[in-house]
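Got chain D sorted already, so can you dock chains H, P and G onto it with the hints?
Protein chains: 4
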Amino acid sequence: MDYDIRDIGLAEKGRLRAEWAEREMPVLRTIKERFAKEKPLEGIKLAGCLHITAETANLAHTLAAAGADLTLCASNPLSTQDDIAAHLVESGIPIFAIKDEDEKTYFDHMSATVDTGPQITMDDGADVVAMLHKDKTHLLKDVIGGMEETTTGVIRLKALHGEGKLAYPIVAVNDSQTKHMFDNRYGTGQSSLDGIIRATNLLITGKTVVTIGYGWCGKGFAMRAKGMGAHTIVCEVDPVKALEAVMDGHQVMSMDEACKLGDIFLTVTGGMKAVDGKHFENMKDGAVVANSGHFNIEINVKALEEMSEAKREVRDFVDEYTLEDGRKVFLLAQGRLINLGAAEGHPPSVMDMSFANQALAGEYIMKNHSKLDPGVYTLPEAVDTDIASIKLGAMGMSYDVLTKEQDVYLNSWEVGT
Amino acid sequence: MDYDIRDIGLAEKGRLRAEWAEREMPVLRTIKERFAKEKPLEGIKLAGCLHITAETANLAHTLAAAGADLTLCASNPLSTQDDIAAHLVESGIPIFAIKDEDEKTYFDHMSATVDTGPQITMDDGADVVAMLHKDKTHLLKDVIGGMEETTTGVIRLKALHGEGKLAYPIVAVNDSQTKHMFDNRYGTGQSSLDGIIRATNLLITGKTVVTIGYGWCGKGFAMRAKGMGAHTIVCEVDPVKALEAVMDGHQVMSMDEACKLGDIFLTVTGGMKAVDGKHFENMKDGAVVANSGHFNIEINVKALEEMSEAKREVRDFVDEYTLEDGRKVFLLAQGRLINLGAAEGHPPSVMDMSFANQALAGEYIMKNHSKLDPGVYTLPEAVDTDIASIKLGAMGMSYDVLTKEQDVYLNSWEVGT
Amino acid sequence: MDYDIRDIGLAEKGRLRAEWAEREMPVLRTIKERFAKEKPLEGIKLAGCLHITAETANLAHTLAAAGADLTLCASNPLSTQDDIAAHLVESGIPIFAIKDEDEKTYFDHMSATVDTGPQITMDDGADVVAMLHKDKTHLLKDVIGGMEETTTGVIRLKALHGEGKLAYPIVAVNDSQTKHMFDNRYGTGQSSLDGIIRATNLLITGKTVVTIGYGWCGKGFAMRAKGMGAHTIVCEVDPVKALEAVMDGHQVMSMDEACKLGDIFLTVTGGMKAVDGKHFENMKDGAVVANSGHFNIEINVKALEEMSEAKREVRDFVDEYTLEDGRKVFLLAQGRLINLGAAEGHPPSVMDMSFANQALAGEYIMKNHSKLDPGVYTLPEAVDTDIASIKLGAMGMSYDVLTKEQDVYLNSWEVGT
Amino acid sequence: MDYDIRDIGLAEKGRLRAEWAEREMPVLRTIKERFAKEKPLEGIKLAGCLHITAETANLAHTLAAAGADLTLCASNPLSTQDDIAAHLVESGIPIFAIKDEDEKTYFDHMSATVDTGPQITMDDGADVVAMLHKDKTHLLKDVIGGMEETTTGVIRLKALHGEGKLAYPIVAVNDSQTKHMFDNRYGTGQSSLDGIIRATNLLITGKTVVTIGYGWCGKGFAMRAKGMGAHTIVCEVDPVKALEAVMDGHQVMSMDEACKLGDIFLTVTGGMKAVDGKHFENMKDGAVVANSGHFNIEINVKALEEMSEAKREVRDFVDEYTLEDGRKVFLLAQGRLINLGAAEGHPPSVMDMSFANQALAGEYIMKNHSKLDPGVYTLPEAVDTDIASIKLGAMGMSYDVLTKEQDVYLNSWEVGT
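Heads up: the sequence lines are chains D, H, P and G, in that order.
Mapped onto this note's numbering, the consecutive letters of the first sequence carry residue numbers 6 to 422.
Mapped onto this note's numbering, the consecutive letters of the second sequence carry residue numbers 6 to 422.
Mapped onto this note's numbering, the consecutive letters of the third sequence carry residue numbers 6 to 422.
Mapped onto this note's numbering, the consecutive letters of the fourth sequence carry residue numbers 6 to 422.
Excised from the complex, chain D in its bound form (with noise of 0.2 angstroms):
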């Protein structure tokens, strides 16, 4: 088995972490033991290029206990736990991913993976369609369908389809309900406050704190924020989303304005320079700015490379630049996933029903490939509701069932006043 990763020998802690996420991970967990029975996956090969977590870890023994052959590559290079990755290759799943591996040696890792010649991609971002469709189109053919995690990943599929480029069909995950409105939300939330926390040590409370990005990712960011005690803004183009802001409780201005005012800056926007060159001239001497979208270019950090005098790390993921003038401005992380980087990502409980939908839509491929032409597909709306359906009771909560005649009722237009 080929594989490259940090160290075998941290195996076993790996397993004890990817155990203690399965305990908050009950959705796929009553997958796993379906999919060993039904092997939905018996034979297929897999290449996944995601964030190598425990709770990812969970996700791999899922789609092997479903019969897969799967191969792991990491969708960024500063989120693999490598304790996680010395556990799954131990437990026979090959891993490509190294902890702070550098740009080429993360490429080199995705090109090994996708090289495994896949029937199904797995992917947080869109980088091994974009490299099937780029560099190695001869592998297109084997390519049965594909799962595609976060909403960048699917604005780029769709650019690709848009183009009648993209070559199979793939599952936007994403587009699940119970994926978006629970791991961007209340998943972003919670693990990219824990990441600036964790790199800074500081209060958030008294704290200005300016969300740019105002879609699920940033909804929950800014809740937590306040939550937190801080003082919010959020800037956002497209005003139906700025306006939500404002009815939510933040201020909502311009970010040429907001960058005069924050104390903190989190990127939330699946764009690009949403803190651009113009808006680091205007900060606050110590600053601090992270990122929690998909890439790290959400903060043109180049252009702040290029205005400083000085540039050091003072404590680890905290990168200090001095700019001319003296003020100081704090990158975390590089301008990476700062919840990735600098914490362990979302927490287990979120990602169970993320990575649920990412085990079934596996087999929905498996089931209805032959029937799906190129293009970007949803789950049916049946999976939400088991999925939510099996998280509530395993959180011991329990929802009410229509009665007959409520139901008549909702489907009726005669009933009146």
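Do not take every clue at face value.
To be verified - Straight-line C-alpha distance at most 20 angstroms; calculated DMTMM-like pairs for lysine to aspartate or glutamate:
#1 G/Lys283 - P/Glu410
#2 H/Lys333 - H/Glu368
#3 G/Lys372 - G/Glu27
#4 H/Lys170 - D/Asp330
#5 H/Lys289 - P/Glu24
#6 H/Lys333 - P/Glu24
#7 H/Lys139 - D/Glu419
#8 P/Lys265 - G/Asp405
#9 H/Lys278 - H/Glu262
#10 D/Lys289 - D/Asp330
#11 P/Lys289 - P/Asp261
Derived by calculation from the structure, the hints in this document are not laboratory data.
Computed from a prediction, not measured in an experiment: that's the story for all the values here.
For chains H, P and G alone, kept in the frame of chain D given last:
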């Protein structure tokens, strides 16, 4: 001019209140100015069934400025503000609505309104549509289109259309983001709490508040009840929404359990019997029950009447029911909309957007009716963007605009990590 | 029996409302039952100056049950509930209070009450004490003690005592924890917001709400305004409290800055001119200003009158002032207590504890007056514990009791790490 | 120079972290500058027992700048940051502290520190005072005064003084408003949650979090747990505080009930056995238990050990105990302070004020010790005002100043309604 209202002498008070509301309705004001010049509804007969409030007065003035010849009746027997009715009549707009009118008068008023033979209908719960399609089908031939305000109404329209019976195109105003995301959530949230407090003067903090239904209305109410210090419980039939409630910090359980714990109950399901006889049987002594969904059937008032040994009004809008074992249950506003019964309905600031959608929907129908088959339509997304943009500006807030480079990036699949 | 009220015909409505309030006042109910047996105030003449509300009615019944011969007048010209006044008179308790009475009548009423020659005084702002010490010193000889309800009143009493002039012992009911920590915070918080919403029907979320004064009342109001979605600013003169406001998640600045930003202002300083002429000059068009401190001088209404070109009432409790440059400022309830003017005052659940302290303070004075020099006294801590304990029990909540071992540990210095 | 630390090689990392913390400590910085000029502690021998953290390093530098000759040991075996210890030694300040030292080493370190023969003692839990009064009474004669940091310590000192045994005056730094209202509340609130999340990576929202003890620490923690979306339950022995918890929006019940419902438990009582054997017996499978009070006896770890069939460490700071029936309970940081064990302790921004009080208390003792009898003292209120004022200024915030007229009014009894 034919009309039926309480007292024309209230007109001046109504005028002042409508003016006050208008201060908070900058979007509608902007539309009114344009309509006054362009006259998009010149000579069009319009029949509307809406809550007759200060905000509706401003919509009526906007439609009148557009040239429409409109007549209005109440969409709820309890929600009419008599001073506003007087003010509208004095402005030359016929109104058929008296606060606290009995069931018969209520239907007579609707009948009188429908009998004007409208070309466009405007509904808050699809009552005019239902009357036209059941009892007054001879008038259908003149109708070119309609607008519907509420979630409940849209469900009814889709049921009607599902049976192949809907005779003309209707714009589901409720489906605009600037409507349901704001009016239903922030409007219902504040105004329902307001109605409960005005009716009871109860201290909310320390109380267990049960929200039944976690759609937009339920989300808003539970959020604000929590904001006032309540311990919040949510009941839902959709497990995805139930799980969202959990993550928003509420306790979630079936109504069979919640009915034993609640101090205050609010129904916002859009359905029927969300609080039923079996729930009343298990309530604590002193429980308070109210409705902010659409119809008064969300609470099974008939069951409560039958279970009770005595009934008396102990405060305005508070009926005390004494059960056989001596426990008392308090029903607010007879189970009708608590925010319109005991308070003034949604604040003008949210109705501004809802009614901007109404006004623009009227214009949309005029322009497009010849191209539209019978069915339920949503306004184009650009309308949402425009409304939100005007609103933000009027609140003194700014938002960002994507640079060309950012825009290109967001629509590209090739750029990577 | 001598009295002066609006209309005795309102008595039945008042009785029902008092009964409704009593449901939420379990502590006072428990005390009333004991007082009815023990008659601790038998034959004592008591003169009270309180807001005449449904909650006060229950205090009055409790004192009457104790055997007191009491007379009440209003502590504020706007706060009297005429139906409650009628109900008390019908119960045999003389009342001198009419809602909206003019200044002269207000003082005549207080004079009539003081002229009954009380042995115990009961104040809400020290007005009876002030009248006795200024104008009616001949009556001082019969007085054995008094009770004071408010922060402002206690400050005045201490000033009077500081000058060596206070003639008898007074219990500062406000200093009980079960009074100021609850009534001032949670009571003022909810009821002031309630008053503002009833007066204006404004949507709170999206508004900038400025709280002036961050004592217990200010803390409560700012917390609830935030809970309703407002962007909250706090102004304070004590830097420790100002810092606490920051950490509680509010923005803090001087009123000179805040006056330019606020949409809604509330004064709760206990002092004067917290909103002054120079602030009105800088307010935004449409600013709303209200007071929930003690006296109407917290807002410099006179300055506003002088600066204005026009004034008119646009809604109940809303006066529109037009400044020279055309900007409009809206003053609520003439600058008098907004929660009692436009709403019903504190909910009964908090007044339960405040008035339990009042009732027990009366008993305390009877038992201890011969031992007490003139001065300001606080009830023993055990009274707080008892009141809180009864309250929790009535709400169905339980608390822990220290074991002997835990208690010993807490009082030891030798046990260590 | 005698000292005992982990590794002097960590000094540079410690220096950078101390510098980082200093950015957030403007008040202490201001004091250090003055002390460096005035040398108020010139030549004074000072023995301190504090958590050896980045914030403490800044206090140590301030005292050294004042001329003190100080030696420090750890106040908790788990809380030492080894890089900071190294940095301090390199700066010339002797440290006796190693993270995770065993009980014996811990006491040896304290002994070595006390044996320096201090004139001033500085405590975090009164351990140095206890050692001096129990085992090293011969050293008492040189001591002129001391400072104590915590609630628990102050209780112990008062017990010691109550027995007439306290030998010198001690300033209860904890009693300063700028200490307990901020450090205990906002510091403990954020840092305890931080510790729990770092140890477990659990999603807080959707969990039932039980706070045991509703003093300042408990208030802060429950508030922040709620802010992160938890369903919060509070257990208390003081009914007034219990009621305050209710009004702050928490559920309140006895620990006998709460132990069955909680997912996460935190003790902040300052006492012992707040979580006892009988509670472990009733916990849910998977319950997580942590302590953020002072000593590790708040949780009866011994009882848990005896009840368990197996124990293993499943993650750093997470011990899994398997009970006889198979249920698992997870104890964090061995029941020691979770915020210092698994995270970095209070953020510098709050320690700034706490340690400003410490530094000023040292100066106060120097100036006043000859006038002070043995006893427990509080710093003058003006110190609080100064500290808060500097802090606000450094945060860029302003506050109001009373005009002469306002001041006179506030101290007058004659001005009225």
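A quick look at each hint next to the structure:
no.: 1; hint: G/Lys283 - P/Glu410; in the structure: holds (15 angstroms)
no.: 2; hint: H/Lys333 - H/Glu368; in the structure: violated (51 angstroms)
no.: 3; hint: G/Lys372 - G/Glu27; in the structure: violated (27 angstroms)
no.: 4; hint: H/Lys170 - D/Asp330; in the structure: violated (72 angstroms)
no.: 5; hint: H/Lys289 - P/Glu24; in the structure: holds (18 angstroms)
no.: 6; hint: H/Lys333 - P/Glu24; in the structure: holds (13 angstroms)
no.: 7; hint: H/Lys139 - D/Glu419; in the structure: holds (8 angstroms)
no.: 8; hint: P/Lys265 - G/Asp405; in the structure: holds (15 angstroms)
no.: 9; hint: H/Lys278 - H/Glu262; in the structure: holds (16 angstroms)
no.: 10; hint: D/Lys289 - D/Asp330; in the structure: holds (12 angstroms)
no.: 11; hint: P/Lys289 - P/Asp261; in the structure: holds (13 angstroms)
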